[in-house]
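Undergrad: Model the full assembly from the supplied sequences, consistent with the hints where possible.
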Amino acid sequence: MRCNRTIAAIAVAVTTGVAVAACSSGSSSTNGGTKSNSSSGSSTSTKATLTWWHNGNTQPLLGVWQNVATTFHTAHPNVSFSIDPIQSDQFANKMPVALKSNNPPDIFQQWGAGQEATQLQSGKLTNLTPLVSGWIGELGHAAAGWQVNGQQYGIPYDQHVVGFWYRKDLFTKAGITSPPATLAQLESDDAKLKAKGITPIALGGQSRWPDAFYWEYFAVRECSQSVLQQAISSVNMSAPCFSKATKDLTAFMNTGPFQQGFNAIQAQTGAGSSAGALANGKAAMELQGDWETSVVPALTTSKNIISELGWFPFPSVSGGAGDPSAVLGGGDGFSCTTGAAEPACAQFLQYISSTPVQEELVQKANIGLPANSAADAVLTNPALKAVAQAHNNAAYISEYFDIAFPTNPGQALDNAIANFFAGKGSNTTIINSVSSSSGH
Amino acid sequence: MARTESAGTAAPETTSGAAVPAATTRAPARRRGMRRRIELTVLLAPPLVLFIGFVIVPMVFAAWYSLYNWSGYGPLTDFIGVQNYRGVLTGPVFHQALTHNVIIAVLSVVIQLPVSIALALLLNRRMRGQTAMRLAVFTPYVLSEATAAVMWLLLLQPSGFVNALLNGVGLGGLVHQWLASTSLVLYMLFVVITWKYIGFGIVLLLAGLQGIPAELREAAAIDGATPWQATRRVTLPLLGPTIRIWIFLSVIGSLQLFDIVWIMTLGGPADASQTMLTYQYINGIQRTQFGYGATVSVVLFVISFVFALAYQRFALRRDTAGAVTRAVG
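Keeping their order, the protein sequence lines are chains S and H. Just add 526 to the spot in the first sequence (first one is 1) and you have the numbering used here. Just add 8 to the spot in the second sequence (first one is 1) and you have the numbering used here.
Some clues are possibly wrong.
To be verified - Think about it this way: if two alpha-carbon atoms lie no more than 25 Å apart in a straight line, the pair counts; the simulated DMTMM-like pairs of lysine to aspartate or glutamate are:
no., chain 1, residue 1, chain 2, residue 2
1, S, 829, S, 695
2, S, 620, H, 86
3, S, 620, S, 610
4, S, 626, H, 86
5, S, 620, H, 153
6, S, 620, H, 267
7, S, 890, S, 834
8, S, 718, S, 834
9, S, 722, S, 834
10, S, 573, S, 615
These aren't lab readings, by the way, just hints derived from the structure by calculation.
TA: Put into structure tokens, the structure is as follows:
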């Protein structure tokens, strides 16, 4: 019997051993490869393969990134790429695991700010500051959102601004001659649209973050820049102006500007989404990012949908302490991890920031606004030009709050605002959501 | 099988192995026993390793993570004991989510089960178009949850097919914001879940019905039982084991509800369709509170496990009696 147990134990041990060896040999060989690349140090003369996780999982961005990698490889034959296109939402699941492992991707999608600060805790993000100091100035204030404690841990490749997209034909039908500049004008335009049987504003409340845009914009209008910055850095929104934002929002919601059942409507997916409602003329406006231009064409049969849309910034709110030109926005970028071959990784990010690539992104991938404003010249759509102008003239850019805060309070805020839109909670639950986000 | 622990002793080994004649010498018997043991070991070791590696170890890790305040990045340093458990068990949203799971489970048993039994009894009869009808009720089960969820999401849009149909047939008064209403959304999800899973229940029950000999009903009929009495007194009791298994699968499925809810409502609006798993995903993954998310998993595991054990002990005991193989040695 003892003998049999021994045999059993040996068999289990051998099987386990084989399995463990199989796993560990896999990771160590990859590891070894990466390590040897990174130890190549200050020159790209040794061969290096950069694994690259980006969110361009559909055309045209997918093809543009492939092309960018190929062109860079041609110029730097020692640097090649292993590319994994991953849908945006998946990064939330994949990055914590990847950054905990010994072989995270060398370059990965980075939205900056608080989320970047959360990822920095892994100790695997490369401090790019010394590597990019020679050229980062070209990006102007766009690069600031990818800094943590003044250090550059990511580089943006595009910029986003949230504002109102509207249908020119429906505005004309309701007798609105120019887009509203103040909140009072917006509300009176809503009334004019409703009088013609047109839903004024489409809202994709199921996705939660579009709800948050409204509250955040009211906060940006009501709070001064220093109060906003203080609130973000201390993760505390007890300043009275935030409560004023809730009051503004409540008053605005009471005018009934949104379509029926907006709580169950997705923001960007399908013709039934809020973007679809705008694309198909079922609503006159939507508060969305500049990426709207890349989303709506797929949601309608109309061929000239882009030229049918206009854009205006979030209206001013009387008595607010915020600069009326300030915009809510953010952008997309990339970070390098500590295992990546340097300076190859930083050089690649520099290449992405260069004017030719930025122009290619604008022209072929419809990314919205380039991070490098030198490429603004190739923006042809008047609406996007208006967005770029608002971005460049803004006194400051306030990062979307869910990205600006660390991930947990940021998401807690989105949920609290979305609940408020669905009739659950109060100003207190919104204000407290970030500071008490350890409570659920 | 009784056996004596005599290996290695000087006394002659006895074995009661039925196939081994008493006169057989010690060596071949031992060899044969050993061969069987090696066989078992070789066959059992790989699944055991997989089970330990992919079930037991992750569970232990989850229990370990649940004791930490951990964002998923960096090492586990912030040990907070049972604070996460306190947070989960006293959290109003978790209570809401748990209540929703229980509501779905109860509705499944109270509504889905009788409907499934009735349809199974109907489809068990010989009639024209029987196969086509069986196929029709089973088809939704073949669809993936994602497909079913997207399809119903489109049908239940404010200006979707369901509302258009109601308007079209003059029932405009019944038009609702099916998924936007906090009081309706959970029940709409139950409708979708029923549509999706009723076919599975029916097929299970049909299989159970096939195992009931027709003679029993005939005998009951000869004894003067009405068809209803025969169903009530003969068929249903014999269908008992199948029904009990269906309830088990259905309750566990209700506790672990995720895909359909996530695609159709993301747990909203205002948490009105939150389930334990959507709550876990939002708090664990989206909010990168992996310690907290692990705690929700452990709580969900304990709830499911306690239910499973209690159900095995009290409801399934008769059905599984004798089915459990005794240990070999």
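Undergrad: Which earlier hints can't be squared with this structure?
TA: 10
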